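Chains A and B, in that order, are what the protein sequence lines are.
278 is the number that my numbering gives to position 278 of the first sequence; each next residue is one higher, with no gaps.
Just remember that my numbering sits 1000 ahead of the position in the second sequence, which is counted from 1.
Be a bit skeptical, because a hint or two may be false.
What the hints assert, rightly or not - Computed footprint of chain A on chain B, listed as stretches where at least three residues anywhere in the stretch have a Cβ under 8 Å from a Cβ of chain A:
#1 1077-1084
#2 1089-1102
#3 1169-1177
#4 1189-1203
What the hints assert, rightly or not - From the structure, some residues in chain A lie toward chain B, with a derived Cβ separation under 7 Å:
#5 Pro59
#6 Trp82
#7 Arg185
#8 Leu186
#9 Thr191
No lab work stands behind these hints, which were simulated from the structure alone.
Given the structure is predicted, the values throughout are model-derived calculations rather than measurements.
Backbone N, C-alpha and C define an ideal beta-carbon position, used for all residues, glycine too.
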Amino acid sequence: MTAAPPPETLRAPLVVEFPFTRSLGPVQSAFLTGLREGVVLGVKTSGGKVMVPPVEYDPVTAEEIRELVEVAPTGTVTTWAWNASPRPNQPLATPFAWVLVTLDGAGTGLLHALDAPGPDAVRTGMRVRVRWAAERSGAITDIACFEPCDAGPDDGGPDSCDGAPARPHDGAFADPVTGIVAAARLDYTYTPGRAQTAYINGLAERKTVGERCPSCHKVYVPPRGACPTCGVATTDRVEVGPAGTVTTYCIVNIKARGLDIDVPYVYAHIALDGAGLALHGRIGGIPYDQVRMGLRVEPVWTEGGRHPDHYRPTGEPDADYDAYKELI
Amino acid sequence: MPATPARPVRPATPSAPPAPRKRRYAREVAVVAFAQSDHRRRTDELSEVEMVMPVLHQVLAQTGLKTGEIGFTCSGSSDYLAGRAFSFTMTLDGVGAWPPISESHVEMDGAWALYEAWVKIQTGEADTALVYAYGKSSPGSVRDVLTRQLDPYYVAPLWPDAVALAALQARALIDAGDTDEQALAAIGARSRADAAANPHAQLTGVVPQGDHQVAPLRTGDCPPVGDGAAAVVLAAGDVARSLCARPAWITGIDHRIEAHGLGLRDLTDSPSTRTAAEHAGLFDGPVDTAELHAPFSSQEVVLRKALRLGGPGDGVAVNPSGGALAANPMMAAGLIRIGEAAARIHRGASDRAVAHATSGPCLQQNLVAVLEGDRA
Chain A
1 MTAAPPPETL
11 RAPLVVEFPF
21 TRSLGPVQSA
31 FLTGLREGVV
41 LGVKTSGGKV
51 MVPPVEYDPV
61 TAEEIRELVE
71 VAPTGTVTTW
81 AWNASPRPNQ
91 PLATPFAWVL
101 VTLDGAGTGL
111 LHALDAPGPD
121 AVRTGMRVRV
131 RWAAERSGAI
141 TDIACFEPCD
151 AGPDDGGPDS
161 CDGAPARPHD
171 GAFADPVTGI
181 VAAARLDYTY
191 TPGRAQTAYI
201 NGLAERKTVG
211 ERCPSCHKVY
221 VPPRGACPTC
231 GVATTDRVEV
241 GPAGTVTTYC
251 IVNIKARGLD
261 IDVPYVYAHI
271 ALDGAGLALH
281 GRIGGIPYDQ
291 VRMGLRVEPV
301 WTEGGRHPDH
311 YRPTGEPDAD
321 YDAYKELI
Chain B
1001 MPATPARPVR
1011 PATPSAPPAP
1021 RKRRYAREVA
1031 VVAFAQSDHR
1041 RRTDELSEVE
1051 MVMPVLHQVL
1061 AQTGLKTGEI
1071 GFTCSGSSDY
1081 LAGRAFSFTM
1091 TLDGVGAWPP
1101 ISESHVEMDG
1111 AWALYEAWVK
1121 IQTGEADTAL
1131 VYAYGKSSPG
1141 SVRDVLTRQL
1151 DPYYVAPLWP
1161 DAVALAALQA
1171 RALIDAGDTD
1181 EQALAAIGAR
1191 SRADAAANPH
1201 AQLTGVVPQG
1211 DHQVAPLRTG
1221 DCPPVGDGAA
1231 AVVLAAGDVA
1241 RSLCARPAWI
1251 TGIDHRIEAH
1261 GLGLRDLTDS
1271 PSTRTAAEHA
1281 GLFDGPVDTA
1291 ELHAPFSSQE
1301 VVLRKALRLG
1311 GPGDGVAVNP
1321 SGGALAANPM
1331 MAAGLIRIGE
1341 AAARIHRGAS
1351 DRAVAHATSG
1361 PCLQQNLVAV
1371 LEGDRA
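Isolated chain B (complex conformation):
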């Protein structure tokens, strides 16, 4: 492992000499556009394609590309949210899948669809990729739906819901002295205060911490349940430069998984996140922005530790969008973290950012991407 600073700190002045970007992949690939829906508790009046299509149009409009000009399309979603098999095929209508396009789908958060698209571009088979993700949680009870992703022999028959499993992790953190209920409440409050500047967020401003849902987690420690979609466009090298004034170069990306059995894991840590971050080169230099997919306040504590982000006041903007505590459209929230980090680079608010996505109970699977903008 390379020597690393104990705590990443943003360069003191904008005139500090830029660190050369480390070239670790065959091709330069950047996020060149990002769009997302307004995330809402329900979207009864919209089918999935009707919800996704405006977001696709927005992200393509940012680049001037048309659907037929995209080299590869990849999406992330889950049939279990809608309760209908192969529901993702319906949204293909929104990308103009005829004449035939090169397309793929992951039954995962769209961050993993982005990873697949990134690999596709690395192989040289495409120069551009459209990645989108969506989730309508409103038709069912997402707490119960998510139990179906658990070990079917020993765990799923007990129907432990997503909040219950996160609460077990939160208790383990409190017992370990890593946090307390007050600190957790502060994470929720900060997230929703920051989300006031995010027009797409579902839950913003001052939100009561509320009663225990599954103690020690209170309502304010849990993400809102809602419907939403997001999309990004990836492009390689000079194509990226032609489509975007300041591309958000993906200088590192990696994803790792941990054992399925919750009782086999140390819930107070996220070694998979740490390993992914090391392989993505996160610790090679400081970051100024961190978009973390932490649906529960307690999970931000775990991720800060794994990513060595330290605490408030260290100069790193953590979830300036409000994060998943302000809007957590299932299967899109991780892709949104990459999109939000990239958008900050696009508009010059960030030079080097880390984006994280998670999937599965208690941060079982984690993806880390490092994004960088060209320095003037």
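For reference, chain A alone in the conformation it holds in the complex:
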């Protein structure tokens, strides 16, 4: 038993990525389908206020609202912020302004990006219009960004910046969008902390190192740095195993995607000798239907592996039930 020296800090990339698949209600479906078709829809409350982007329930009265209206693709900036260093995934890769825009005919603000040459070209109250994305799928990003009205012709033609009142729209489109897939990826750097660093470093030397609670003297493996019974730090390192006892097990019959292990196989709780609780691992080297509680096992390391690949029988007689019943 030795007091733990300061650890080398381990670190590894950790990527959390998920394609969130979301269904849309009638209002959101109409709005996002409208964007795909180059039409901006809002929803009118019973009080006559037009909300863009639309919501399904009045935020003041909680009343269900379904009355769709079409508003102009032009509007007025109500507040803005200059983003000199765009971050990944943001609408424009070049410096731009974040803006809240109240579209003509609407009574609420829509958040988006404004493509402008610099902060001096942006002001509250300026007139802007939608720049549509070249390829549209029914998502908020179908609006590529806003652009200043004075950046193009203002001759009353299709690109005019003349406002227009909201007008009724039935919200009906061919092939409506009923869902969105919003990909989200966040990149982290994982650092496991003092106790787990020591455990992982120990495994690299084919040793299983637990930590003993100074209060109740139980040995935790893998250690997490604290005794959950006493709520104190576990600082004394103890090498446990290598052999241990199967305390309980299950037979896995369904193959997980990407898992290179034939089913059925046995997944077990294993109390390594000297440990105060069982860890879990796969049992190999024995037919699955011959694994039993009390079976004595030892870790099997593969070439270059940083942790045991599985555990196999040692050939010793089974452990007495009384020897491990407290660890089940």
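Add chain B to chain A, keeping to what the hints say.
Just chain B now, with coordinates in the frame of chain A:
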């Protein structure tokens, strides 16, 4: 709404007759202890439980209670900061969760965990509560991580980061004539100067205002990104009196939320903060201390207006700890505001304080607590 003074002012002399505490709840509940970590940019060498545990030990040591003697435990944190599901379960090891304890968690700032614990004590199901909160922002990019709390249909796909949204609010305030860039810089400077007396703060002293991050907000208008933890102990009635020489009684607490859509809100105001303050009884009397959870300098302007705190020189110490501009450990910074306000009452530096916590973009959700100490 009761008649209220236009601007709360501290009583002129300590001998002024104390205002009787208004009894609005079933039980008297007080903050009896507060502890926090030293907030740092990175804590790579520590797991979350290793970061939290010393703070838990400190706050319990102040009361002499042991983990098994606590009636209810509640924590606040967010999995998105660590990037790992159910990360809060790991820190339970630090509170001695075996044999089984009565425990709960909020995926929010710890101020809301404190609210849940306060309710638990009000119901009579517990006499003491341990509340803790922590956040390790260093493993990821917190500006980007926080975009995942936004409306997933219309806003999150644009990835507007937390600074960008605060900057929209700051511009709206400047346009409204409520502040300007110089006044905002002064808020940051005052906060970090005050933080020089706070050994736990991450950013103290003279800090350059720096370049625009997202204009009009400069580096000095934004909070430092860091890792940290905090904990408080709550106790009811005579238990509180037995654990603390001068308990910080929670005489009012309330929290309110506003619409999710930023474009639906008046960003220059915080009606949810005002409503919470009214229900917490803030305007029933003057306060001498205000600990405001304003991660951005511009948000202090909004909160002063909502809480009727007026400007500098009106006798109310606003964020004497340095506030979130000096240390903003996500999910703990709001609980720290309550803890800092309570600690001033514990040591006799305050008689009646307001503490505020926020969550969500541009002050979307707000909690207000009024804390009072017994007068001699």
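Here is what the structure says about each hint:
Residues of the segment 1077-1084 of chain B with a Cβ under 8 Å from some Cβ of chain A number 4, which satisfies the need for three, so the listed coverage holds. Three residues within the 8 Å Cβ limit are the bar, and the segment 1089-1102 of chain B against chain A gives 9, so the coverage statement holds. Check on the segment 1169-1177 of chain B: 5 of its residues sit with their Cβ under 8 Å from a Cβ of chain A, so the three-residue criterion for coverage holds. As drawn, the segment 1189-1203 of chain B meets chain A at 0 residues by the rule of a beta-carbon pair under 8 Å; below three, the given contact is violated.
Annotation: proline 59 of chain A was flagged as interfacial toward chain B, and the flag holds, the nearest CB pair being 4 Å apart, inside 7 Å. Interface hint status for tryptophan 82 of chain A: upheld, as the beta-carbon distance to the closest one in chain B is roughly 4 Å, under 7 Å. Violation of the interface hint for arginine 185 of chain A is found here, the shortest Cβ-Cβ separation to chain B being roughly 10 Å, above the 7 Å cut-off. Checking leucine 186 of chain A against chain B: minimum C-beta separation of about 6 Å stays under 7 Å; hint holds.
A least Cβ separation of about 4 Å between threonine 191 of chain A and chain B falls short of the 7 Å threshold, and the interface hint therefore holds.
Comparing the model with each earlier hint shows violations of hints 4, 7; every other hint is respected.
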